[in-house]
Amino acid sequence: MTKAVVLRAAGGPENFSWEDWDPGAPGPGNVRVRQTFAGLNYVDTYLRSGQYPLAKLPAVLGREGAGVVETVGDGVTGLNLGDRVAYSSHLGSYAEVNVVPADRLVPLPDDISDEAAAAMMLKGMTAQYLVRQTKALGPGNTLLYHAAAGGVGLIACQWAKHLGATVIGTVGSAEKAAQAEAHGCDQVIRYDKEDFLEHVMALTDGRGVDYVCDAVGVTTIEKSMKALAHHGTLASFGAAAGPVAPETWGKLPPERYLVKTTLPGYTKTREQLLACAEDLFAVVRSGAVRIEINQRYPLKEAAQAHTDLEARKTTGSTIFVI
Amino acid sequence: MTKAVRIHAYGGPEALVYEDVDVPAPGPGEVRLNQTVAGVNFLDIYHRAGTHFANLTPPAIPGVEAVGIVESVGEGVTHLKGGDKAAYPLTAGGYAETRLVPGSDVVKVPDGIDDKVLAATFMKGLTVGHMLNDLTTFRPGDFILWHAAAGGVGMIGCEWAKHLGLNVIGTVSTEDKAERARAAGCDHPIVYTKESFADRVNEITGGDLCQAVFDGVGADTWLDSLKCVKPYGVCAAFGLASGPLPPMGFAEIPSEAFVTRASVAAVTKTRPVYEKNAAAFFEILKKGVLTPRIEHELPLKDAAEAHRRLESRQTTGSLILIP
Numbered sequence: 001m002t003k004a005v006v007l008r009a010a011g012g013p014e015n016f017s018w019e020d021w022d023p024g025a026p027g028p029g030n031v032r033v034r035q036t037f038a039g040l041n042y043v044d045t046y047l048r049s050g051q052y053p054l055a056k057l058p059a060v061l062g063r064e065g066a067g068v069v070e071t072v073g074d075g076v077t078g079l080n081l082g083d084r085v086a087y088s089s090h091l092g093s094y095a096e097v098n099v100v101p102a103d104r105l106v107p108l109p110d111d112i113s114d115e116a117a118a119a120m121m122l123k124g125m126t127a128q129y130l131v132r133q134t135k136a137l138g139p140g141n142t143l144l145y146h147a148a149a150g151g152v153g154l155i156a157c158q159w160a161k162h163l164g165a166t167v168i169g170t171v172g173s174a175e176k177a178a179q180a181e182a183h184g185c186d187q188v189i190r191y192d193k194e195d196f197l198e199h200v201m202a203l204t205d206g207r208g209v210d211y212v213c214d215a216v217g218v219t220t221i222e223k224s225m226k227a228l229a230h231h232g233t234l235a236s237f238g239a240a241a242g243p244v245a246p247e248t249w250g251k252l253p254p255e256r257y258l259v260k261t262t263l264p265g266y267t268k269t270r271e272q273l274l275a276c277a278e279d280l281f282a283v284v285r286s287g288a289v290r291i292e293i294n295q296r297y298p299l300k301e302a303a304q305a306h307t308d309l310e311a312r313k314t315t316g317s318t319i320f321v322i
Numbered sequence: 323m324t325k326a327v328r329i330h331a332y333g334g335p336e337a338l339v340y341e342d343v344d345v346p347a348p349g350p351g352e353v354r355l356n357q358t359v360a361g362v363n364f365l366d367i368y369h370r371a372g373t374h375f376a377n378l379t380p381p382a383i384p385g386v387e388a389v390g391i392v393e394s395v396g397e398g399v400t401h402l403k404g405g406d407k408a409a410y411p412l413t414a415g416g417y418a419e420t421r422l423v424p425g426s427d428v429v430k431v432p433d434g435i436d437d438k439v440l441a442a443t444f445m446k447g448l449t450v451g452h453m454l455n456d457l458t459t460f461r462p463g464d465f466i467l468w469h470a471a472a473g474g475v476g477m478i479g480c481e482w483a484k485h486l487g488l489n490v491i492g493t494v495s496t497e498d499k500a501e502r503a504r505a506a507g508c509d510h511p512i513v514y515t516k517e518s519f520a521d522r523v524n525e526i527t528g529g530d531l532c533q534a535v536f537d538g539v540g541a542d543t544w545l546d547s548l549k550c551v552k553p554y555g556v557c558a559a560f561g562l563a564s565g566p567l568p569p570m571g572f573a574e575i576p577s578e579a580f581v582t583r584a585s586v587a588a589v590t591k592t593r594p595v596y597e598k599n600a601a602a603f604f605e606i607l608k609k610g611v612l613t614p615r616i617e618h619e620l621p622l623k624d625a626a627e628a629h630r631r632l633e634s635r636q637t638t639g640s641l642i643l644i645p
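Protein chains in written order, with this note's numbering: chain Z, 1 to 322; chain W, 323 to 645.
By construction, these hints were calculated from the structure, which means they are not laboratory data. Each hint should be verified, as a subset may be incorrect.
Stated by the list, open to error - Mimicking SDA-like on lysine to any residue, the simulated pairs with C-alpha atoms at most 20 Å apart in a straight line are:
no.	chain 1	residue 1	chain 2	residue 2
1	Z	Lys3	Z	Val76
2	W	Lys591	Z	Asp205
3	Z	Lys161	Z	Ser286
4	Z	Lys251	W	Ala541
5	W	Lys438	W	Asp427
6	W	Lys598	W	Lys609
7	Z	Lys226	W	Ala588
8	Z	Lys268	W	Ser577
9	Z	Lys223	W	Pro566
10	Z	Lys226	W	Thr592
11	Z	Lys251	W	Ala573
12	W	Lys552	Z	Gln133
Unchecked claim - Only part of the chain Z face toward chain W is listed, based on derived beta-carbon distances under 10 Å:
no.	residue
13	Gln133
14	Thr134
15	Gly217
16	Thr233
17	Glu247
These figures come from a predicted structure and were not determined experimentally. We put the beta carbon where it would ideally sit given N, CA and C, even for glycine.
Full structure from sequences and hints, please.
Following this line, the structure appears as structure tokens:
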């Protein structure tokens with residue numbers, strides 16, 4: 001019997017239990033993946049706590065994983081036993097084995113390790129759409145990135161810098177500031193010590209920034225809107241600090257854009273998924289973006305990993321070793 | 323001495339007083355304009371009555387758009403000279419024979435454009451052009467949704483969108499207005515008082531939804547408007563003056579679509595954007611894309627009567643004053 005981190009009821013990290021769990025044989029179009037590593041993401045905490053309700057319980061969380069093909073279901077072509085694969089958007093990665101639709105699996109090139117894949121499939125592809133699709137950043141653009149030392153943040157800020165943008169990052173500690181500076185940020189703002197809006201306006205001569213990436217939510221969003229330059233865009237892709245009130249969204253100033261983004265929205269078709277992953281692999285291969293795995297936990301210590309993530313103790317990517 | 327229509331206190335149409343005014347020589351940055359036509363907008367009624375978004379303090383001259391001939395320009399004005407035809411879409415002081423206007427508010431009008439048509443449509447046309455040209459990119463055949471499609475802005479929106487090869491869905495309140503919208507190029511008028519426009523948009527587009535939704539209505543329609551835009555498209559509120567967008571929950575914000583509040587005032591504030599949009603609108607006028615809809619033409623001294631007609635809500639087309 002294989003094992004997994006099972007959530008029996010929504011709540012705190014203590015609700016996780018390390019149990020026997022077998023997802024069974026793959027049905028038509030599906031693949032059973034023997035996992036080597038899984039990634040930790042902030043969205044996992046929303047599902048665990050119930051902020052985003054799960055369709056059914058008990059459940060195995062985690063959307064990001066890497067491993068090898070163990071068995072394939074009927075009708076699956078192009079994938080064979082032993083192939084190295086990774087995925088970013090199918091629930092159940094906190095497990096030794098997961099069953100994933102074949103069309104959601106990305107074959108891994110030889111020069112992308114399993115652990116790097118587990119650390120970047122969700123976070124790196126999120127960074128990809130943020131800096132290359134939602135807004136195609138380039139020279140002359142100014143980006144304000146909140147939580148710049150986080151998992152998506154370190155990747156997105158390096159990538160934005162590589163594309164020629166000026167990058168301003170916000171962080172909540174001196175250690176995170178050092179990380180952000182070493183990963184693409186031209187300017188780092190300590191939001192715990194100073195007003196980020198005032199600082200951004202000073203840095204941009206009162207013009208504001210072209211683009212804000214905000215997955216923090218309730219504590220930042222209103223000032224993020226005010227930090228936008230004329231025709232600037234605010235991408236909202238999470239709410240780590242809590243949900244935003246409906247009236248607050250209405251405060252978007254004239255001639256600014258608000259866009260709520262999700263990775264599934266940018267990877268609806270297999271072509272979109274593969275193009276997004278390929279773009280990520282290419283920028284990592286070039287050395288312009290480094291995937292920083294700053295925390296590794298044994299899978300059965302998922303509760304500790306969630307506790308540390310929510311206490312803002314982590315930086316960069318966190319992976320589970322399976 | 324020249325004549326103008328002025329308010330000395332907020333009030334009804336009778337507050338509009340036709341009287342002599344003194345117009346000095348233009349100061350630095352100013353233009354002295356001999357006006358040929360002044361447009362009348364609902365905004366003028368708010369200004370006169372001191373309600374809603376009034377930002378006009380008596381004594382003052384209402385009217386925000388007009389066309390005329392430049393008489394002289396002040397120091398520093400280089401884009402206009404005496405004898406040029408010029409127009410502005412959004413500067414109070416329009417109900418006048420002659421006026422001073424900031425040069426930055428005025429653009430030169432090329433040959434081949436009718437003064438009356440321009441005075442009746444400039445603000446509406448800039449609004450429509452900004453929304454169709456600046457907020458998103460279209461491919462021919464894309465669906466758009468235009469609310470109040472039989473209104474002044476809506477009909478220009480339908481005509482211009484049709485000219486761009488778009489599939490136009492519009493909302494209207496009655497069957498009569500549906501016919502008017504259809505005549506302006508609206509492919510799919512929806513009588514929103516009879517059926518849910520969000521459901522109908524879903525049906526008409528086969529579930530694909532719209533590349534752009536233009537909502538000048540506001541609180542009643544906004545949440546359903548958000549349901550009508552597709553990923554990478556834009557849902558734009560406009561004309562809500564300076565007020566905030568209606569509240570919306572995170573779940574109600576459509577994924578991967580851009581939500582915005584478009585402002586024609588922002589267009590005229592940025593000179594290159596203003597000139598680009600004005601030029602685009604002049605081209606549309608020259609090509610005859612729009613059907614002129616001047617319904618009432620009155621002498622300037624009858625501004626009060628013009629307001630009465632507009633307030634009666636009997637008008638469907640534009641109303642202009644001739645100084």
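Fill in: Interface hint status, Thr134/Z versus chain W (Cβ within 10 Å)
Thr134/Z check passes; min Cβ-Cβ to chain W is 8 Å, inside 10 Å.
Discussion item. With the threshold set at 20 Å, check whether the alpha-carbon distance from Lys251/Z to Ala573/W stays at or below it.
Written reply: holds (17 Å)
Practice prompt. With a cut-off of 20 Å on the C-alpha distance, tell me whether Lys161/Z and Ser286/Z pass.
Written response: holds (14 Å)
Item to complete: For the pair we were handed, Lys226/Z and Ala588/W, check the Cα-Cα distance against 20 Å.
Response: Holds: Lys226/Z and Ala588/W sit about 16 Å apart, inside 20 Å.
Discussion item. Next pair to validate is Lys251/Z with Ala541/W; report whether the Cα-Cα distance is within 20 Å.
Written reply: Holds, at roughly 14 Å.
Discussion item. Check whether the Cα positions of Lys3/Z and Val76/Z lie no farther apart than 20 Å.
Written reply: violated (25 Å)
Discussion item. Does Thr592/W sit within 20 Å of Lys226/Z, going by the straight-line distance between their CA atoms?
Written reply: Holds - the C-alpha atoms of Thr592/W and Lys226/Z are around 19 Å apart, at most 20 Å.
Practice prompt. Take a quick look at whether Lys268/Z and Ser577/W sit within 20 Å of each other, Cα to Cα.
Written response: holds (12 Å)
Worksheet item: Once the shortest beta carbon distance from Gly217/Z to chain W is found, is it less than 10 Å?
Response: The hint holds - Gly217/Z has a Cβ within 10 Å of chain W, the shortest such distance being about 9 Å.
Discussion item. Holds or violated: Lys438/W and Asp427/W, Cα atoms, limit 20 Å.
Written reply: Measuring from Cα to Cα gives roughly 19 Å; hence the hint holds.
Worksheet item: Quick one, is the Glu247/Z hint okay against chain W at 10 Å, beta carbons?
Response: Given a least distance of 5 Å, the restraint on Glu247/Z holds.
Fill in: Residue hint Thr233/Z, partner chain W, criterion CB-CB below 10 Å
Result: holds, 7 Å to nearest chain W Cβ.
Hint 1 alone, counting from the list given before, is not met by this structure.
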